[in-house]
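K.L.:
Read off the chains here:
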Amino acid sequence: MSIQVRNLHKHFGSFTALNNVSLDFPTGELVALLGPSGCGKTTLLRIIAGLENPDAGSVLFHGEDATNVHVRERNVGFVFQHYALFRHMTVFDNVAFGLTVRPKETRPTKEFINKRVHELLELVQLDWLADRYPHQLSGGQRQRIALARALAVEPKVLLLDEPFGALDAKVRKDLRRWLRRLHDELHITSIFVTHDQEEAMEVADKIVVLNKGQIEQIGTPDDIYNNPASPFVYDFIGQVNLFHSRVNNGWAHIGDYKLPAPEHNGIDDHAAIAYVRPHDIELSEQASDGAIAAQVAHVSTAGSVLRIELQHQLNSDVLHVELPRAQERSLNLSVGAKVFARPTISKIFLQK
Amino acid sequence: MSEITATALASAPPYPSAKKGWVKKSVLPGFGLSLGLAALYASLIVFIPLAGLVLKALELSLPELWAVISNPRALASYRLTFGAAFTAAGINLFFGLIVAWVLVRYDFFGKRVIDALVDLPFALPTAVAGIALTALYTTKGWVGQWFWLADIKIAYTWLGVTVALTFIGLPFVVRTVQPVLADLESEVEEAAASLGASRWQTFSRVLLPALLPSLLTGFALAFARAIGEYGSVVFISGNMPYKTEITPLLIMTKLEQFDYAGAAALGTVMLVFSFVLLLLINLLQHWSHKRTGG
Numbered sequence: 020m021s022i023q024v025r026n027l028h029k030h031f032g033s034f035t036a037l038n039n040v041s042l043d044f045p046t047g048e049l050v051a052l053l054g055p056s057g058c059g060k061t062t063l064l065r066i067i068a069g070l071e072n073p074d075a076g077s078v079l080f081h082g083e084d085a086t087n088v089h090v091r092e093r094n095v096g097f098v099f100q101h102y103a104l105f106r107h108m109t110v111f112d113n114v115a116f117g118l119t120v121r122p123k124e125t126r127p128t129k130e131f132i133n134k135r136v137h138e139l140l141e142l143v144q145l146d147w148l149a150d151r152y153p154h155q156l157s158g159g160q161r162q163r164i165a166l167a168r169a170l171a172v173e174p175k176v177l178l179l180d181e182p183f184g185a186l187d188a189k190v191r192k193d194l195r196r197w198l199r200r201l202h203d204e205l206h207i208t209s210i211f212v213t214h215d216q217e218e219a220m221e222v223a224d225k226i227v228v229l230n231k232g233q234i235e236q237i238g239t240p241d242d243i244y245n246n247p248a249s250p251f252v253y254d255f256i257g258q259v260n261l262f263h264s265r266v267n268n269g270w271a272h273i274g275d276y277k278l279p280a281p282e283h284n285g286i287d288d289h290a291a292i293a294y295v296r297p298h299d300i301e302l303s304e305q306a307s308d309g310a311i312a313a314q315v316a317h318v319s320t321a322g323s324v325l326r327i328e329l330q331h332q333l334n335s336d337v338l339h340v341e342l343p344r345a346q347e348r349s350l351n352l353s354v355g356a357k358v359f360a361r362p363t364i365s366k367i368f369l370q371k
Numbered sequence: 011m012s013e014i015t016a017t018a019l020a021s022a023p024p025y026p027s028a029k030k031g032w033v034k035k036s037v038l039p040g041f042g043l044s045l046g047l048a049a050l051y052a053s054l055i056v057f058i059p060l061a062g063l064v065l066k067a068l069e070l071s072l073p074e075l076w077a078v079i080s081n082p083r084a085l086a087s088y089r090l091t092f093g094a095a096f097t098a099a100g101i102n103l104f105f106g107l108i109v110a111w112v113l114v115r116y117d118f119f120g121k122r123v124i125d126a127l128v129d130l131p132f133a134l135p136t137a138v139a140g141i142a143l144t145a146l147y148t149t150k151g152w153v154g155q156w157f158w159l160a161d162i163k164i165a166y167t168w169l170g171v172t173v174a175l176t177f178i179g180l181p182f183v184v185r186t187v188q189p190v191l192a193d194l195e196s197e198v199e200e201a202a203a204s205l206g207a208s209r210w211q212t213f214s215r216v217l218l219p220a221l222l223p224s225l226l227t228g229f230a231l232a233f234a235r236a237i238g239e240y241g242s243v244v245f246i247s248g249n250m251p252y253k254t255e256i257t258p259l260l261i262m263t264k265l266e267q268f269d270y271a272g273a274a275a276l277g278t279v280m281l282v283f284s285f286v287l288l289l290l291i292n293l294l295q296h297w298s299h300k301r302t303g304g
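Just so you know, the protein sequences line up as chains A and B, in that order.
Take any residue in the first sequence, count from 1 to its spot, add 19: that is its number in our numbering.
Take any residue in the second sequence, count from 1 to its spot, add 10: that is its number in our numbering.
Isolated chain A (complex conformation):
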């Protein structure tokens, strides 16, 4: 089922959580709402679920206005960050809850409920835990049970609020891959909220970047990473090196140094910010055209890439560089060694 939200506004006292947000969520896609805390992403999710009412604007489910439909009747599956399992019920009863609270006329038979719950527990690979209580499970298991419970009522939409936020790093990685596979099996329209850009990149079909109650960019993970629409998105997605510069006739000048800015060809002397990603920089021991002279300040070899910090003359910040581990051998990267850094890709945003 598709979801549209139109011109949503929401205030909490003097704080603006959502400021005129309109969005389309197409059927069957897994969309991530990404942004820093306080950007309004959870509020948006809760308004879609019906757990919160917007001050203005509307929510449409499959083209029909659902703004005033109670959460009970919206038929959405909601997964909470802290699981919100019923702790006095067994895993089985938790998953069966949504079916057993149906009115008598539409309530399935005991045998059907039994079968359905076991199907769902198999789907989340926890069938062997049916008789346990939530407090006997690990965090990752609890969240999978919470997901099975939400899926039991055959929701038309699945909404997940920071579903992996309370889990440790390893479990988190496993679970998000698992969620992606699950979505590929079920193809249910899903929206999940996260502040972790890596998580959004890995799991989602589409990412909505939110900032201060407004949409910054909508796009595929590739799109968002390679063509950030605003300095905020560039900054928020992954690590960056930032330079204050002045754009003049297709070049961004940073002191004596300049970066190409062909997209700003007609601009004459305008303040701009230049961004360079750490992995878009080449290092060499020979000086070359367009290279920044620098000195190695720190090298970290713990991880899949080499992380190098360089001191240079353009500003007082260190320049972050990431190189494949293979280059460790071909370059002298001892602290204090002289190197030349050449940005291969850069992005220049004019300042307002």
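Calculated directly from the structure, the hints in this document are not laboratory data.
We put the beta carbon where it would ideally sit given N, CA and C, even for glycine.
You can take every hint at face value.
With the C-beta cut set under 8 Å, the calculated list includes, among others, these residues of chain A facing chain B:
(1) V90
(2) R91
(3) A103
(4) F116
(5) R121
Since chain A is already given, all that's left is putting chain B on it; use the hints.
P.N.:
Below, chain B without anything else, positioned relative to chain A:
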């Protein structure tokens, strides 16, 4: 190097703590001292006086003892004491939950005052409460006159006894339920609603079971407190033998007649009854606690 360490560990003697004993080894020091002090304290304050009570009662021969405790006047007093205490605790169970609910879930003007008032029955001398309640609930009192219109007499009947016991038991349910209710995340309720549960289903199937252990605790405490209450009841009950005479008053009467053994016999009956009832409630609590995993 690592091999050497491994062999050394393997050949090391078993840990000294493996030695058997009824005291579990703990890293916290002072177990012996604190257990000794706790035992001394409990003995001086609870066990020795209670043992003395039972011993005093056993000064009577068995037929005498039986005659005292099965006397119709005593039987009537047990019925009133335990019946009214149970009713009062039941009333507190229901209204205590509502008071706790209001105090936890809503914000309103004067909330702190009400919150503070809940503890008042703890602090007020019970005799003062008894006199105040009597004045309110007689057939001419502010409240009692309206009931009297409907031909209901409260003061000087078992109803009056129940009112007094309800008053002194109020804080227990409120104070045991309040923190548990505050601890329940509203997310659990939202989860239930998103799964299609009605408000009543959410309450009866999600909230109530989670609150049950604390409700039981509050009930047990209110009940225990009411059984032993004396000060407030003697004013409002009228103390008519067979009708509105509670067991603690009967004990007082016997003491005034220097019938110490008889008083002790009645005391022992109360002791045994209370102990059995509290034990039952504790077992119930243990059972419901095990289910929620506390």
